[in-house]
Amino acid sequence: MELNSKTNIGGNHICWDLEKGLFEFEEQDAVLFWISTAMKTFLDTIEEISGQEASDLVFETAGFRQGLVVGKFFEQKKNLSTTEIAQSLTNTYASAGWGRFQFHDLNYKTKTLTAHLKDSWEHKINVAQGKKKGTNFLPAHFAGVFTGLLGTNIWYKVLQYQLDDKEYSIIQYFPSSINVSDNIHQLARKKESEQIAQLEALVEEKTKELKDLVKKISSPIIPVLEKIVVVPLIGTYDEERTEELIAKILDKLPSYNANNLILDLTGLDQDINEHTVSTIEKVNSTACLIGIETILVGISPQLSMVISQSNINLTQLNCFQTLQHGIHYALAQRGRRII
Numbered sequence: 001m002e003l004n005s006k007t008n009i010g011g012n013h014i015c016w017d018l019e020k021g022l023f024e025f026e027e028q029d030a031v032l033f034w035i036s037t038a039m040k041t042f043l044d045t046i047e048e049i050s051g052q053e054a055s056d057l058v059f060e061t062a063g064f065r066q067g068l069v070v071g072k073f074f075e076q077k078k079n080l081s082t083t084e085i086a087q088s089l090t091n092t093y094a095s096a097g098w099g100r101f102q103f104h105d106l107n108y109k110t111k112t113l114t115a116h117l118k119d120s121w122e123h124k125i126n127v128a129q130g131k132k133k134g135t136n137f138l139p140a141h142f143a144g145v146f147t148g149l150l151g152t153n154i155w156y157k158v159l160q161y162q163l164d165d166k167e168y169s170i171i172q173y174f175p176s177s178i179n180v181s182d183n184i185h186q187l188a189r190k191k192e193s194e195q196i197a198q199l200e201a202l203v204e205e206k207t208k209e210l211k212d213l214v215k216k217i218s219s220p221i222i223p224v225l226e227k228i229v230v231v232p233l234i235g236t237y238d239e240e241r242t243e244e245l246i247a248k249i250l251d252k253l254p255s256y257n258a259n260n261l262i263l264d265l266t267g268l269d270q271d272i273n274e275h276t277v278s279t280i281e282k283v284n285s286t287a288c289l290i291g292i293e294t295i296l297v298g299i300s301p302q303l304s305m306v307i308s309q310s311n312i313n314l315t316q317l318n319c320f321q322t323l324q325h326g327i328h329y330a331l332a333q334r335g336r337r338i339i
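In the UniProt record's numbering, the protein residues as written are 1 to 339.
Do not rely on the hints blindly, as some may be mistaken.
Computed spacing ranges between beta-carbons, pair by pair [stated by the list, open to error]: (1) Arg334 - Lys252: 16 to 24 Å; (2) Asp119 - Ala201: 45 to 53 Å; (3) Ala201 - Phe73: 26 to 34 Å; (4) Lys252 - Gln309: 27 to 35 Å.
For lysine-lysine, the following DSS-like pairs were computed, each having C-alpha atoms within a straight-line distance of at most 30 Å [to be verified]: (5) Lys111 - Lys40; (6) Lys132 - Lys72; (7) Lys109 - Lys40; (8) Lys118 - Lys6.
For the record, the hints were derived by calculation from the structure and aren't laboratory data.
Backbone N, C-alpha and C fix where the C-beta goes; we use that ideal spot for every residue, glycine too.
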């Protein structure tokens, strides 16, 4: 072959300039790749890094946008009949080695057509990759071509893939509001939703772990002296924590053979409400049922105000300022004291 060679195949100009290392197709720089090796490796790498779902959208979007470029080129040939346009497209892609494509029922009025794609480079790569379903670079590519050619947004529907042991792939094209930008945003929103769901699941899991930890360390039952146990109330008590505390007292106190239960209220949150007073009353009632006297220590000014204003009567309980005073009182009830 000469250093500079030109030829015309199917009405398309092809030029090689070996001295400059150039290959031109229709007077524009082009490049050649081996399909089932180099191109396959290129696409395999994208799928490996991006994942299948994102890669599918990348190929579809790239195909569509490439097609827009080709569509603008063919838009200049609108003086040709629909048959001539279809034949020109077929020859252009065939001479570039893309495969044998035929376009049927191209209608400028309804802006619809059907394409048959046979032995395309995409199909050959799908076979080399061992795929079970065809990919959509070329279907989307021709959606871009006809979007540019017909002057309206065109989308597609694959009726069959050659990969499904068919003679060729069949794709329908029609006007549609679907576009690649929307698809990109939709995938991004889906990814965000998946990440949010994962974070919510993680938060839920950690919250459960924290709740389980709180259950283990919350309101411990502490035997300080013979027949005297102390239960410190810590934080805020809602219905769930109150029920857990009552269940723990009923389960654990009898094993200590206690006479006195000292409730230390020093660790309660400052945000005290009537439910806190109700919790104290329920603990006292529970202890009474199993023959144990309740003593209150560490009542704050805030709590004393709430108690005095509530409808719950705690005046029958002995109250002391500190835990030490409460322990001394419990011992005195049995005629004993700390020396």
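Results for each hint:
1. Arg334 - Lys252: 16 to 24 Å: Holds - the Cβ-Cβ distance for Arg334 and Lys252, about 21 Å, lies within 16 to 24 Å.
2. Asp119 - Ala201: 45 to 53 Å: 47 Å, holds
3. Ala201 - Phe73: 26 to 34 Å: Given about 50 Å between the Cβ atoms, the range is violated.
4. Lys252 - Gln309: 27 to 35 Å: 32 Å, holds
5. Lys111 - Lys40: Distance of about 34 Å is beyond 30 Å: violated.
6. Lys132 - Lys72: 34 Å, violated
7. Lys109 - Lys40: 39 Å, violated
8. Lys118 - Lys6: 28 Å, holds
Checked against the numbered hints given earlier, this structure breaks hints 3, 5, 6 and 7; the rest are met.
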